[in-house]
Structures are given as C-alpha cells and as structure tokens.
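A.B. asks: Residue numbers (this note's numbering), protein chains in the order written: chain A, 1 to 113; chain B, 1 to 113.
To be clear, the hints were calculated from the coordinates, so they are not data collected in a lab.
Be aware that one or more of the hints could be misleading.
Beta-carbon label-pair distances, calculated as ranges [unchecked claim]:
| no. | chain 1 | residue 1 | chain 2 | residue 2 | range |
| --- | --- | --- | --- | --- | --- |
| 1 | A | A30 | B | P40 | 28 to 34 Å |
| 2 | A | D51 | B | A17 | 42 to 48 Å |
| 3 | A | S66 | B | I60 | 46 to 52 Å |
| 4 | A | E83 | B | L56 | 44 to 50 Å |
Beta carbons: idealized from backbone N, C-alpha and C, even for Gly.
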Amino acid sequence: EAEVAQSPRYKITEKSQAVAFWCDPISGHATLYWYRQILGQGPELLVQFQDESVVDDSQLPKDRFSAERLKEVDSTLKIQPAELGDSAMYLCASSFGVNQPQHFGDGTRLSIL
Amino acid sequence: AQSVTQPDIHITVSEGASLELRCNYSYGATPYLFWYVQSPGQGLQLLLKYFSGDTLVQGIKGFEAEFKRSQSSFNLRKPSVHWSDAAEYFCAVGAGSGYALNFGKGTSLLVTP
C-alpha cells in the first residue's frame with residue numbers, strides 16, 4: 001500500500017466544473033511533486049514544492065490549474081474550469097530532499113465528461 | 001534538455017525467461033537514473049536507482065540495472081520473470097536544480113505461461 005495518501009481515487013465531473021485533489025506526503029518529506037499521467041504515457045511534472053514554496057511550476061497551466069501546500073504537510077491541486085483534455089491520472093510524490101528517491105501515491109483518476 | 005527513450009512499447013516474455021528492458025537517456029552531466037513499475041490503476045513503485053558508484057545496481061523483486069555512460073543507457077534486467085511481473089515499467093532521469101523526474105513513455109510487459 002502506498003505511503004503517500006491521495007484522495008479521491010476516482011473523480012468524474014463535467015467540463016467547466018471545478019475539481020480538487022488532495023495529497024498527504026510521507027511525514028518528514030520536504031519535497032512534494034504533482035505529476036499528470038495521460039493514458040499510455042509517462043508522468044509529466046506539473047508542480048514541485050520545497051516545503052511550502054513552489055520550486056517549479058513551469059509546466060502548470062496557470063490559467064486553470066492552481067496548487068498550494070501548507071507548511072510541510074498536505075497539498076491541494078485544483079482545476080477550474082475543467083476541460084475534456086484534463087482527463088488523466090494525477091499523481092502525487094514526495095521525497096526527503098530534492099535529490100532523493102520519490103515515493104508515489106496511488107493517484108487520482110480524473111474523467112471529464 | 002534531458003530526455004528518456006524507451007524503445008520498446010510492448011514486450012512479451014514467457015514465465016521463467018530472462019528479461020531486458022531498454023532505456024536511453026540524454027543529459028549533459030551524470031544523471032540520477034531510476035526504474036519504476038506501475039500496476040494497472042496504481043501509483044509507481046521504485047525498483048532501483050543509480051546516483052553514482054558501482055554501475056550495476058540491484059533493486060527489489062530480483063531486478064538489476066546497469067548504467068553505461070558510453071551508451072547513455074540504463075537497461076533493466078531480470079534473470080527469470082514471474083507472472084506477477086506483468087506491469088508497465090518506466091525509466092526516469094532526475095536532473096536540474098529540482099531533480100523532478102523526466103519519464104520515458106514506458107514499456108508494457110506481458111508474461112505468458
């Protein structure tokens with residue numbers, strides 16, 4: 001069972017609606033990552049946090065996506081409004097430090113109707 | 001920019017046969033290299049990692065990988081495959097100041113009786 005907790009496991013919503021994903025990293029892990037995995041592809045980084053600060057959000061579609069993390073604890077990724085192309089698996093990972101192995105949660109499977 | 005290529009989209013092997021999954025990377029310096037495995041609908045599990053030192057690294061579940069700088073490769077091997085090894089395998093490189101992972105497109109492994 002994954003040690004990084006994510007919820008919900010599945011989310012089905014209509015386009016133009018708002019959707020939010022939650023991630024609780026492994027205790028003590030300062031670095032947190034959100035990845036998006038389209039079916040049949042490898043994960044791609046959306047945003048990286050070091051503690052509560054954003055390190056890299058260059059691939060985050062900021063017109064509709066937002067992410068936040070409160071002091072070394074959980075993180076939330078939001079999409080508003082959702083589009084059909086957002087259907088994917090959203091994976092959260094955490095690591096002790098930036099050059100340490102990343103541990104992944106089981107992900108949230110998002111389907112946009 | 002760094003990139004990872006997994007030339008084989010699908011591989012089928014018989015149970016008990018040996019396995020080699022190919023991975024080539026492009027990166028200017030010595031990268032941090034990883035192999036992850038993903039079962040359907042699940043997150044990613046770390047199989048092994050290479051940071052430095054011995055170029056042959058041992059991982060979990062009987063897997064090993066060899067880093068070959070001259071060939072820019074980090075191929076994954078297992079001497080005898082079990083039916084439970086059927087899954088998607090991803091090679092990844094961690095680089096840059098944030099060490100976010102850049103994944104290949106994955107290789108789907110099918111194990112036949």
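A.B. asks: State for each hint whether it applies.
C.D. replies: How the hints compare with the structure:
1. A30/A <-> P40/B: 28 to 34 Å: holds, 31 Å
2. D51/A <-> A17/B: 42 to 48 Å: The hinted range 42 to 48 Å holds for D51/A and A17/B, with Cβ atoms some 47 Å apart.
3. S66/A <-> I60/B: 46 to 52 Å: Cβ of S66/A to Cβ of I60/B: about 36 Å, so the range 46 to 52 Å is violated.
4. E83/A <-> L56/B: 44 to 50 Å: holds, 45 Å
Of the numbered hints stated above, the single one contradicted by the structure is hint 3.
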